[in-house]
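Number of protein chains: 4
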Amino acid sequence: MGDLERLPVGILGASGYGGVQLVRLLMDHPGVEVVYLGGDSSAGKSFSELYPHLGHRVDLIVESIDVEEIAKRCKAVFLSLPTGLAYQMAPALVAKGCKVLDLSADYRFSNLETYKNWYGGDRQDQEIAATAVYGLPELYRDRIAEAQLVGCAGCYVTTSLLALAPLLKQGLIVPETAIIDAKSGTSGGGRVAKTNLLLAEADNSIAPYAVAHHRHIPEIEQICSDLAGHDVMVQFTPHLIPMVRGILATVYATLRDPGLVREDLVTIYSAFYRASPFIRVLPAGTYPQTKWACGTNVCYIGVEVDARTGRVIVMSATDNLIKGQSGQAIQCLNIMMGWEETLGLPQLGFYP
Amino acid sequence: MGDLERLPVGILGASGYGGVQLVRLLMDHPGVEVVYLGGDSSAGKSFSELYPHLGHRVDLIVESIDVEEIAKRCKAVFLSLPTGLAYQMAPALVAKGCKVLDLSADYRFSNLETYKNWYGGDRQDQEIAATAVYGLPELYRDRIAEAQLVGCAGCYVTTSLLALAPLLKQGLIVPETAIIDAKSGTSGGGRVAKTNLLLAEADNSIAPYAVAHHRHIPEIEQICSDLAGHDVMVQFTPHLIPMVRGILATVYATLRDPGLVREDLVTIYSAFYRASPFIRVLPAGTYPQTKWACGTNVCYIGVEVDARTGRVIVMSATDNLIKGQSGQAIQCLNIMMGWEETLGLPQLGFYP
Amino acid sequence: MGDLERLPVGILGASGYGGVQLVRLLMDHPGVEVVYLGGDSSAGKSFSELYPHLGHRVDLIVESIDVEEIAKRCKAVFLSLPTGLAYQMAPALVAKGCKVLDLSADYRFSNLETYKNWYGGDRQDQEIAATAVYGLPELYRDRIAEAQLVGCAGCYVTTSLLALAPLLKQGLIVPETAIIDAKSGTSGGGRVAKTNLLLAEADNSIAPYAVAHHRHIPEIEQICSDLAGHDVMVQFTPHLIPMVRGILATVYATLRDPGLVREDLVTIYSAFYRASPFIRVLPAGTYPQTKWACGTNVCYIGVEVDARTGRVIVMSATDNLIKGQSGQAIQCLNIMMGWEETLGLPQLGFYP
Amino acid sequence: MGDLERLPVGILGASGYGGVQLVRLLMDHPGVEVVYLGGDSSAGKSFSELYPHLGHRVDLIVESIDVEEIAKRCKAVFLSLPTGLAYQMAPALVAKGCKVLDLSADYRFSNLETYKNWYGGDRQDQEIAATAVYGLPELYRDRIAEAQLVGCAGCYVTTSLLALAPLLKQGLIVPETAIIDAKSGTSGGGRVAKTNLLLAEADNSIAPYAVAHHRHIPEIEQICSDLAGHDVMVQFTPHLIPMVRGILATVYATLRDPGLVREDLVTIYSAFYRASPFIRVLPAGTYPQTKWACGTNVCYIGVEVDARTGRVIVMSATDNLIKGQSGQAIQCLNIMMGWEETLGLPQLGFYP
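Protein chains in written order, with the working numbering: chain A, 1 to 352; chain B, 1 to 352; chain C, 1 to 352; chain D, 1 to 352.
It should be emphasised that the hints constitute simulated quantities derived from the structure, not laboratory data. It should be emphasised that the depicted structure is a prediction, and the values quoted were computed from it without experimental measurement.
You can't tell identical chains apart in this list, so a pair holds if it fits in one copy or across any two.
Cut-off 25 Å, straight-line C-alpha distance, at most; resulting in silico cross-link-like pairs (SDA-like, lysine to any residue):
no., residue 1, residue 2
1, K45, S270
2, K194, A210
3, K45, L348
4, K116, T131
5, K194, Y209
6, K45, Y209
7, K45, N196
8, K169, R215
9, K116, H213
10, K72, L60
11, K116, R308
Please model the entire structure based on the sequences and the hints provided.
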């Protein structure tokens, strides 16, 4: 990117975990320059007061959110805000020519009624929303390349869909048998002080929650249905586990063809993700663990077949705050800009 | 127990995690006196050298294993040894009149062929093995009361079966749809130095293992088949999670009667476990977490129904080293002795 | 206690970590019956709603705080409230004849000016405060036995003082060289949602805080001065470490007599704590770890001498929520009632 | 580095934690190419079998160690072997013209007698050893630039010395009052299966070890003496804490000039480390935590003065496997090669 001018970008909601990942990643991204950090409760504070560990490299001040001003200074804007705020700003930013990458649920639904059923709110932005593209590059790369507004896929959904997509797209499973048992570190809850996310409460324990009623279910089903070509209903159970970062999805489904062995499926997955630099399909017999993905934008996928029960078990692991959030958004921006998809995104984790 | 003489008991394999739980629990048990600790590599060492935190209360020396001597001094013996050793000692101990509680897999199988397929070994103890009772009190209380030799159920199996039993026994589910997604703390691997169980490796990560091939599968299926009255095949996937103690089983199955709601199932479970003091069926809408069970012999069970998919989701949580191991064995002994089932067993955990 | 009537006790601040420890411990205490739980924000809720894991044994409702009513129903009252509230209730409770055990800082200072300098507030209870005894049984057992009002020593202070007391009392060290480097699990912060105590923030990190300015310093110095017989000033640095329960204090001081070896000091410590059932002085060469103390009222102490530097290093480990809080209060009550000091208090931890 | 040829480098001991950090970091280093991985027990295995998470980028095979062959293929060699092996290989590698960076203790001592007292062994390499430079760039940058053989400073020592150096160099403290209370994550123990480093043992606990006798003491004192210009003796106590990566050193010392305030010291530290890009001196009142340093080569330093006691308290935090090991070695190589000191080394950590 040596001679090119860097793209001026802004981050709204810079004080949260999504924000700090974006700042961290974009500081090392050769194509962009972070020129604006916006926040609400943290407006007026220096970013290094919020995150002292970045103080030697970041000297930006968090500013209050002013859409006019943002559009003047930024060519691309990341919205890392709680669900329900993005749709109040995105239309104006889009109208002024900004590329908008929303990390919340606001622009993930093709049907706004579904959104309203699960999240409420009074949506008056149908027209803009209709132009939004679902931000999961491995499945919608071409459409993202053309988009101005992207509703980036979230952590649980990304991890689940990357495991399921080849099976559904190629009709290998009985869709209604799909069960997703997902396990997440607690950073998914954000930098918000909640009692159940205290170390004292969450450490040395594992807890299921929102069983049968998690609001990521409609989002998963929307994309599964798109992949399968007909309505698909899945079972999804999230669990909180005692670690900071990482999601593992263990996915079960009944194979249509009981003669398939795991080596077949490794081949199928490898082919399906051939052009996807952030998907690492593991060799037969190797299963992923979340630590491998930690600090990277990579999704590790392992596949097993149980010949006794006729089921495939797919295991996928991501860093919920990178491939599941900020890294995904940057990957989308790279595609929107016509840049190398991997630009500025870590592919190698530290271990242990 | 005030006026009774205490029962002299021995523990073989005292240096492992099973052994130290037994020592810890039996020190506070009013009906027994620990008179013998046996070990192999630790023979000759004082127990407080192995576990200094118990030094103010335990002054026993670990002795080498001598069956004659053990039978002379003990009326009941806990075998907390690696699988494959108990069947070399139990016959002699039984012959000399000892009650024997084996914590390994050696006496869990009604069909020794199944044992040999999964664990190998040359079993010459068919006759004695045929008298062994499966040590899961909530399901086989009456038979345990009559037994001299008990093959105590292990941690994964106990947690899984307590979740599944009411469903299978009462024919509420389609058995072949049962999927058990289990998550365990790393103490289940024992006090054995293995690289993958190092804190540096296992912390901040979750990893599936032995997918579709774990050797607890035949044991789970044996009991499920017994409960259902016909052969049952289940899916079982264990995961290692970054905590010391605790197992959570998340069990999925398709209901035969789609009209059942979770309140019905809470009622059914409560009735099924009415006489079981260590089962705590949670109110509708409350799901268990492993920390609650930590340090107790209690199994917490939560039930949910997904009306959309027609599935029941049962979640059960135990302390893998107590209800899943040492506490279970003591519970069996209490029953064998005609004592109160809860004698000397903790029912209340510390929190957080 | 078989034939005696149980002492009716109340707990104010039942919803916090101190409260739930007290409930948990007192349920198994043969001398008392919990007849009253008081709280503010949680008034009206059933206790098992706050802590579902105790639901099978505890069916009390948290009531709003009414001193008249409490005094009518309870003979002893535990005040497990934030500092600054106890002194508004204790005088009335004492006047009505209740024994009062305060777990906050309100009654720990012999000089109320010191209290006001560090905690503020308008103290009008000088007369009652003057009757309060400092609740650290190993040092003030006799006075506690006579007291009606006890200001129980807190977690950092207890752990630090038990390490330092023999050295100061017997004039073995140069007092002004004493440095206490203390490390605590995060449960010390209470069941209050604070960002820095989130698992996502506090896990996999260690952080010093309140360096040179922690408000436990005056409390430590007050007792050190009492032990030494003259004013003593110490260095105290607390650290937050990524675990739930436990405090380790590593204490450094220069020996007056450079000829002392660690075996001498083990002898001196053992003698000093001869009558203290909850102090476990470790053999020479063995150092404590916090896990040993977890779930018990025991303080483990290890001693080392560095002949090169002329310093003694004393390491003490406790469970901050038991010996450092609730267990200590119960130990005080046992003494006040003339009961066995160990009654109802755990002496053996689970491991691992 | 675009047009330059990459420097061919080798790593001996590639299978350990030091090795995998080096591989990970050097894959992203623009100046080098990893052409050789050497190991003993892992010889013949593909590196991605040992560390599957790097399999999409690393396709090297671990080879058996053959010094001739290594010298032929590599211009620089990292020795990441257990102490006692490097001195058997380094002389030959140096003789053949390789630059050698040893991560063990073998080349850290200017006096080989000290080495032999603490580590044993039969050293015949006095001549070569005398040319070795101590690999702590912030203190010995100029000498490293001229060196062919560097004995890189280890994790505890680096973290301790970076905290102490400005005080000793400028004569601000009474040297014999220096006490270092150090806390390390368990990865410092290496990828070696030891019982006390199991998650089940080490999690939720903190334990001091090697009190007054740790073998890093002579190494710390050697450099402290060099800085002070006379023999210095320090107190050093290591602790194992329940986390994977990171070291915090809390350093206490009595100030010579009691009038100094913390702001003075922040100024002094900032000046001292002005040319050191990996030292981040924190603003007054901010203290470091290890998580900030995680995944970076940065050392964060916070300074506090206790006017009451006349002591300075310095807190320093590093990632033990990067600034304390592999990153330090790469930093040394950068200097030896005349490259930018920060080349290929991460300066920004992920948070949380």
